[in-house]
Each structure stands twice: as structure tokens, then as C-alpha cells.
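Protein chains in written order, with our numbering: chain A, -3 to 91; chain B, 31 to 124; chain C, 17 to 339.
FYI, nobody ran anything at the bench for these hints, they're computed from the structure. No residue lacks a Cβ here, since even glycine has one placed at the ideal position from N, Cα and C. Heads up, some of the hints might be wrong.
To be verified - Now the stretches of chain C that chain A is said to cover, found in silico as 3 or more residues with beta-carbon under 8 Å:
1) 20 to 32
2) 196 to 210
3) 314 to 320
To be verified - Computed far set for chain C versus chain A, every beta-carbon distance over 12 Å:
4) ALA193
5) LEU253
6) HIS265
7) GLY294
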Amino acid sequence: MLTAHWLYGISGCLLLALGLRTALLHDMLLQRLIGINVMGAGVFLVLITVAYRGPGIAPDPVLHALVLTGIVVAVSATALALALARRLTAEQDDG
Amino acid sequence: MIEVMASLLTVSGVGFYLAGSIGLLRLPDLYSRLHALTKADNLGLGLLIAGLALHTQDLLIALKLVLIWLAVLAASAASAHLIAQHARRRETQS
Amino acid sequence: MTAMLVLDILLVLSLLSLATAALATNDARRSVILFMAFGLVLALAWGRLLAPDVALAEAAIGAGLSGALLLTAVRDQAHRALRSSRKPVHERGRANLRVTLEWTVTLLCIALAGLLAWALAQAFDRAPKDTLAQAVSANLAISGVSNPVTAVLLNFRAYDTLLELAVLLTAALGIFALGPARPGHRAAGPVFDGLARWLVPALILTAGYLLWVGAHAPGGAFQAGATLAAAAVVLRLAGRRSVGLPTGHTLHVAMVAGVSMFLAVGLGLLVLGRPFLGYPPAWAGGLILLIETAAMLAIAATLVLAFFGGRPTPAPGVAEKTS
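Between the sequences and the hints, there should be enough to build the whole structure, so can you do that?
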């Protein structure tokens, strides 16, 4: 086990917990969304750390592809959530 | 010799970055902070890139690095202008 | 080796402190800006962990586009819905309940992190089972591309990418259904206009380069699509209303371009007696580039729609004929 493995792996776990806590507890929707994004970043960090094999050794491309997909899906989900929030504001302003 | 030059340039670039960052933290108002940030960092990046370009000794990579510097110069000049303009507008409104 | 260790520790500490700062503040704008900085540091971490493809996507999407999306959201709806229905806690009992709840959730999150870290440690203790990575490198020669990540995305696991594009399309349709786009920005001053004038062509060129280079170096449809979308965001901020995004049927075609090109190639191969999306090695490079071009257009259209925040409305009168 490399030093980088546990440094980045544990940080990924911490980011996941931090994001999850915010997503569950924060009062503001926007911060909850950012919390979910931080959670996602934690998961990505864990995956990329698992893919890492050490300096000079080719890492696992399957996990890299997975994370690449994840980043794009995360941004589209965030965009959909923001559009929903905007519609919610409009409804509340009407009513 | 070239190695020494490259290290010297890189270290002095980092020095400018440090000065810019201290300025960002210590200076009193937005305009002087912007000044510290953009001027010192652009020069710092320029020195850093000159050092890296010497270090690689590859013309293509050196060209790419210079391209990065130019893009950052334009972007930071424009964004500093926009931030300052916004702040100025807000001041004159209130 | 110690220099690398110092870099690692610095990166990890900045990641954790930026995330904590972004999530601890109640100021939405501050939170978004800290999150953007977090995304940039994360891109550095991807570079450090030898994942340049992911680093490019993170810098363009995670830090750039999500930041732009979130900042626009802060700007135009700072006041109501985002500060969701927080009920004032008058009663003491409710306040106690909330504190208990917060502690419970925090402890559970810590427990989750610990459990995950323990599982990871177990996994790292064994020698990695590289069967998938080995399969990729063994078959890279017949994949049509030499960048292993592109080979996985567009060839070996093309199903996943097809379904991902379907997810993107679903998100775009959702945004479409939720209402009209927010009004555009007013025309920018000469400085930003001047920047946009050369930045946009440069970004379009970069997108084309990234698309092409993805076959053998870091890059590909995702990074190219994000760069193209960034060009549109710059144009939109500079006051161009439709930023060249087609309206009506052409827009619909652009949105479904990725999925339909994937399906057309897959079904075409079925007709020729190959498995679905099982490219013949001789054609693989060309077919991958074809699919990636369509996917880039679809990704860019989706991300631009996301930045618009809704269905683009036709311009009033004839104001919009240049784009």
C-alpha cells in the first residue's frame, strides 16, 4: 500500500462524509447541492486512488472512464436540480 | 548552466506569486488587492513559464507554455477590469 | 520522494479545507466560489494521480461549467427557493430535536467514512487484481484508438457511454420541460467583448483539437463538448442571446445527436452481422471519431441548455438574425 493510497483514499472518504452531512442537514438548497457535488468528488477521489498503481505505472483506465462519465452525469444532474429550483421559485412567486 | 537559469527563473516566479498572495491578504481595498493579484501573478507566471520552458528544452512544449501564459494574461486582465468596473458601479450607485 | 509527499499533503489539506469552507458558510456566493476553487485543486489531484483525461474534464466541467451554473443560480434566485423552507424553531423541544438530529447524522457520516476507509485499506492490502486493466491493454491494438480511456469509453464499454448520453438527454429534456430560458445578459463593454471575440474562436479550435487528439492522448468527446459549451457561455455572458445554439428542430437534432449516432452505428453493425456496437477493427477508429463528434455536439448542446436554464425562446422581432 502506497502512502498516496491512504492519503488520497482517506481524503475521499472524508469528502464523502462531509458532503453527505451537508446534503442532509444544511438549510439552503444550494449548499445541499454543493454538498452532493462534494460527495461525488469524494467518490471520484476514491475511485481514482484505487486506479492508481504508483509513479510511472499505467493506472487502470476502466475506473478513469467511469469517473469521466460520472463528472458529466453529475453536472447534468446539478443543472436539472437548479432548473427545478428555479421553477420552484417562480411557482412560489406566483402563489 | 541552463538548469541553473531555469531554477533561478522558477524560484523568482514563485517569489512574485508569494508577494501577490501576501498582497491579496494584506492590502486594504479591492482595487489594490486586484492590482497585487493580477500584476504580481502575471509576472510570476511569466517567470515560472520561462523557467519551465528552459527546463524542458523542447521547442513545441515551450511554445505551448507561452500560449498558456498569453491566455492567462488576457483572461486575468479582462477579469480584473470586470471586477473593478462592477465594484466601481456599485460605489457610484450607493 | 519527499517532495512528492509534501505535494500530496498540501493537495489533500487544501482539498479538505476548501470543501469544509465551501460547505460551512451560509453565504451562497462564497460557497460557490470556494467550490470552484475546490474543483481546480481536484483537477491538480487528478493530474498527480496520473489521470490527465479526468483532470481535463474536471477543470472544464467541475470547476468551470458547474461554477458558472451555480453562480447564475445564485444571481437570479438568491432569495427564495434556494433558502428552502426553513421553519423557525421556536419551541425548545424542536431545538433539542434538531441538535440531536445533527449529532446523529454527523456521527453516522463519520461512521460511514470510517467503514469505507476500512474497506479501502482491506482492498489495498491485497495485490490489485488487474484483470480489467490487463484486458484493456491486451486489446488496445484492435480498439481503433491508442488512448486506453477513450478505448474503454467508446469501444469496450460503449454501452455505458450510450446510456450516459441517454442520461444527459433526459436531463436536457427535464430542463426543457421546466420552462423558458432565463433572459440573456446585457451587451458587454468593450473589454469583455474584445476578449470574447478572440476567446470564442480559440475555444472552438481547442474543442476540435481535443476531439481529434482523444484518440491517442488525453482528450475526447466530453472534454471537447465542455470546451464548446464554455465558448457558448462566454458568448452568452457577452450579451449574445442565442449564442449560435440552433432553435426549433435543429436544436432537437443536436440534443439527440449523440444517442442517435450511437444507435445508428450499433444497429448498422447488427445489419452487417456484427454484434451491437462491435466495431470491425479496421473501421473502429473512424466509427469512434464519428460517434465522438456527434456526442460532442450533444454534450455541448445539453450543457449550454443547462446554462440557459430552460427552453430557448425565439428572439422577439428580428433582433436575432446574425447567429
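Any hints this thing doesn't respect? Which numbers, in order? 2 and 4
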